[in-house]
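Let the hints inform the model, and build the full structure from the sequences given.
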Amino acid sequence: MTLQAFLVVAAALVSVGLFGALTQQSIVMVMMGLELLLNGVILAAAAFWYFLAPAGTEGQVLIVVVVTAMAIEMAAGFAVTTAIYRAKRIDMTDDAAELRG
Amino acid sequence: MDLRTALLRAAVARPHVLVVGGVGTDRLRARVEQEVARRRWPVATAPADTDVVVVVGRPGPELGAVIEDVWVGVPAPRARVQVVDEHEIVPGLDETVGTLGDLDAQRALAGRDGSRPTRAASPSVDEDDEQHEHSAHDDHGAEHGTEHGTEHHHHGGGTELPGGLAMADLAEDRDGLALDQLHVPLGPVLPEWPSGLVVDVALQGDVIQDARARFLDVEAGEAVERLPDAARALTSVARVLALAGWSGPAARTRGLRDRVLFGEGDTAHVADELDALRRRVHRSRVLPWVLGSRKSSRGAVLDALEEKFSSARAALGGGGEHRPTTTDLPALDARLVGAEFAAARLIVAAANPAPQPALAEPTSTEGAS
Amino acid sequence: MITIALFGALAVTAVVAGALVFRVDSMARATFLLLLSFLAVAGLVLMTGLHYLGLVIVLMMIIEMVVMAVFMIMYMMNPAGLMPMSMFHNTRGSAVVAATTFVALAGGALLVDWPVRGGRPAPDLTMALGESLMGGQMLTMMTLGVTLFATIVGTVVLATGRGRYDRLGDELDAPESDDRDRGGVGR
Amino acid sequence: MSTALPLGGAALLPGLLLAVTWAAVAADAVAAGRAAGRPVSWTVALGLPGREAVRLLVGQRRRTAAGDELLRGIGGAALLVAALMAAAVLPLGLRPVADLGPGLVWFNAMEVVAWAAVWLVGWGANSTVSLIGGYRFVAQGLAYELPHMFALITAAVGAQSLRVTDVVAAQQGLWFIVIMPVAFVAFLLSAAAMAFWGPFDAPVGRDVAGGAAAELSGVDRLVFSTGRWLLLVASSAMAVPLFLGGGHGPWLPAWAWVLVKTLAVLGVLIVLRHRVPTIRMERWTEFSWVVLVPATIAQALVVTLVVLGRGGI
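Chains as they are written, first to last, in the UniProt record's numbering: chain A, 1 to 101; chain B, 1 to 369; chain C, 1 to 187; chain D, 1 to 313.
Think of the hints as simulated: they come from the structure by calculation, not from any bench. All of these numbers come straight from a predicted model, not from anything done at the bench. Virtual Cβ for every residue (Gly too), placed ideally from N, Cα, C. Among the clues, some could well be false.
Among chain A residues calculated to face chain C with C-beta under 7 angstroms, some are [claimed, not checked]: (1) SER15; (2) VAL28; (3) VAL30; (4) LEU36; (5) LEU38; (6) ALA46; (7) PHE48; (8) THR57; (9) VAL61; (10) ILE72; (11) MET74; (12) ALA79; (13) THR82.
The structure is reproduced here in structure tokens:
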């Protein structure tokens, strides 16, 4: 177990999540990609805490923040999806193109 | 006796029983249920939970098809018996124990793999979907249908899946979201369900969006034997209580029903017990909470329960003017639309629809099919 | 040795399950593969000694993914995965972006000369986290709390089609709400 | 630091849980017979769990058309495994199999597995009624989880520790049920709800023909219902270390007190089931959010003030 090993795994999770978030058409699937991305961030935070600064609590606090962010992201995402779907019966990102402004 | 046989015998000594009967078999069915309860055999909740299928009476072609369908879904070891007369009940049930414990007979009976051709515990009877096309859905399909070269969102109306299953349609739900809608028949093989009734429903989640009730194997206006009023009312009460998850009082009600129906025990005693049961239902605080408050307009099921108690009491006393209303199937349909699944089950049990009584003048409100 | 094997197994599970999320046809399977990826990461977090946080991740992610499954199936075209499907767009560009990101991040992780480990973990990590959140990091905690509350209110407003004025009338004085199924307490 | 049982305890735990489960199934059969007015004798009832288990073991396994067998299998197994793992932090006597630091969080995390498990079983069968059952459990979970968490938190606050043995140790003088009755009631209700038991059995209700379990037969059904029973036993056994003083008590050894108290809690839940009709989701959800959540928060606040007043932390 080394910091490098943890970080490579975290990097893999972030890239897979990014790939998913960029390619998926469905809003719900995009959110899954984002969740996976944040999953990598959690792992990296735990690794940084453990291997670099175990005396402090910043790494732990960061994990708490990220986990909360995931919950918020999901709740907000589904609320927006529901609102768009109610208004337009759309759940695909390409269809919601006017949101580009 | 080798070990496998011994194990099998031990396993099937207390089989779970599924009683299936068509319209007009209620009296015989009550006898079967009474005998099953006397043996302390549990009543199965679904075909998958069943060991013994008891067919009551002579099912017509439609119900016969359903029973075959159910039978495919019953896991081995299993047995099936048909009862057309009260005297056949005891030997029939005894015989099933023998069949269940007979290794060779079970090998012969076992289906190839036990897979079922249809979905749902309530077997599909026939699929007639022509009514259920949704214009909203069609518009949607025209707008977005093929933009991405993928089958966009919601499945063309008649899309068939591998396995011959019908896919869900799209329709507005009660919160204004367009969501999947399933067309499934409810009944006739469901716990606490009126004999021979089928309600074809469109389900969205567990909310019923469209309902069409009909009786299997009944011609319009055909006369059908039905239970005496008191027994009929008590059957309905027992079903409502059982569906409300109050199995103890439900079983007691059923016991009372049997005594009323078969004239066991003296009437005064039965009436006392009925009053005690009624008081108990009255005293419960949770039941009105579950079924809907007494004052509220949504307390229809509770009111129906109250009315059934009254009519049973009146019929017992002998002097009741309580002419039970014949259930109007279209009215039942209307009440089911918009109801959540649990509520719908209670509504059906409280309405307890049956075809016209044999003595009534024939009208044509029967079976929509 | 066992530690390394465990690490390897969890790491591979996390990444492979994460990648499979976008390859399977069934929404239910996709959601629960994502959950598997989270659980593997939770296992890795547990390996670093953060027992409380690891378990909190398990707890939260199971709840979150079950709720997610409900929404997935509500909104997706192919919930049960009974028909093969493909729902990608812009695959090539995304692959390039993702690969570049991976190379940059992993390369950075391997090339950077990380500082040496400073200090030792507190004897009771949970207590340390709690004291930090209720002490020095109080502002973080309060911000999170307010944000969560705002999210609850905001999401309900966004998602619901009927507000209380629809249910209880303009003066909110209807004796009975206009709901088909009433709740267990109010009108 | 380590107050865990030796490894033998881990082997003992499933056996102990199954024995208690056996007794509970028998007691339930007796109670059901009494409620229905058709008494079942204890001798018959004690044979019932074995009989049913054998019946399901020899029974054929069925598949439904186009079901997701993999997910269904995972769901059933997860329920069983989660119940056993949740029980690992239960002190048998005064020492649990695994004395984890955040033991309460562990227990809660394992219980939440039931959400996924029941939903998966309901989904995997590809049947309308069983899917309705699965969704009902999710709705129920969303309703019971927060009061449940607050009840756990209240006990943890009272003991100033998430470790279950610390919670037991803190009750040497006074049982927590005395200073946190609301939390105890909330815990008991949520314990019943998470095992979809008693008035909360809508996910496997009769109206949906057995709900999530409607399409299960043979071994599948055995695994599912054993998992459900173990979950019920584990969560009612957890009420003992959290609120009822764990192994503390006069005359009897600690393990005997734990057993007696666990059986008493189970008895209460069994009686509750046969006295009260099933509470429907829409009723319970609103009650839970509008009444139970504020009540348990207030309870946690009161306990916190008491702890602070005594000079804790």
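Consistency of the hints with the structure:
| no. | hint | in the structure |
| --- | --- | --- |
| 1 | SER15 | holds, 4 angstroms |
| 2 | VAL28 | holds, 5 angstroms |
| 3 | VAL30 | violated, 11 angstroms |
| 4 | LEU36 | holds, 5 angstroms |
| 5 | LEU38 | violated, 10 angstroms |
| 6 | ALA46 | holds, 5 angstroms |
| 7 | PHE48 | violated, 9 angstroms |
| 8 | THR57 | holds, 4 angstroms |
| 9 | VAL61 | holds, 5 angstroms |
| 10 | ILE72 | holds, 5 angstroms |
| 11 | MET74 | holds, 6 angstroms |
| 12 | ALA79 | holds, 4 angstroms |
| 13 | THR82 | holds, 4 angstroms |
Violated hints, listed in ascending order, are 3, 5 and 7; each of the other numbered hints is respected by the structure.
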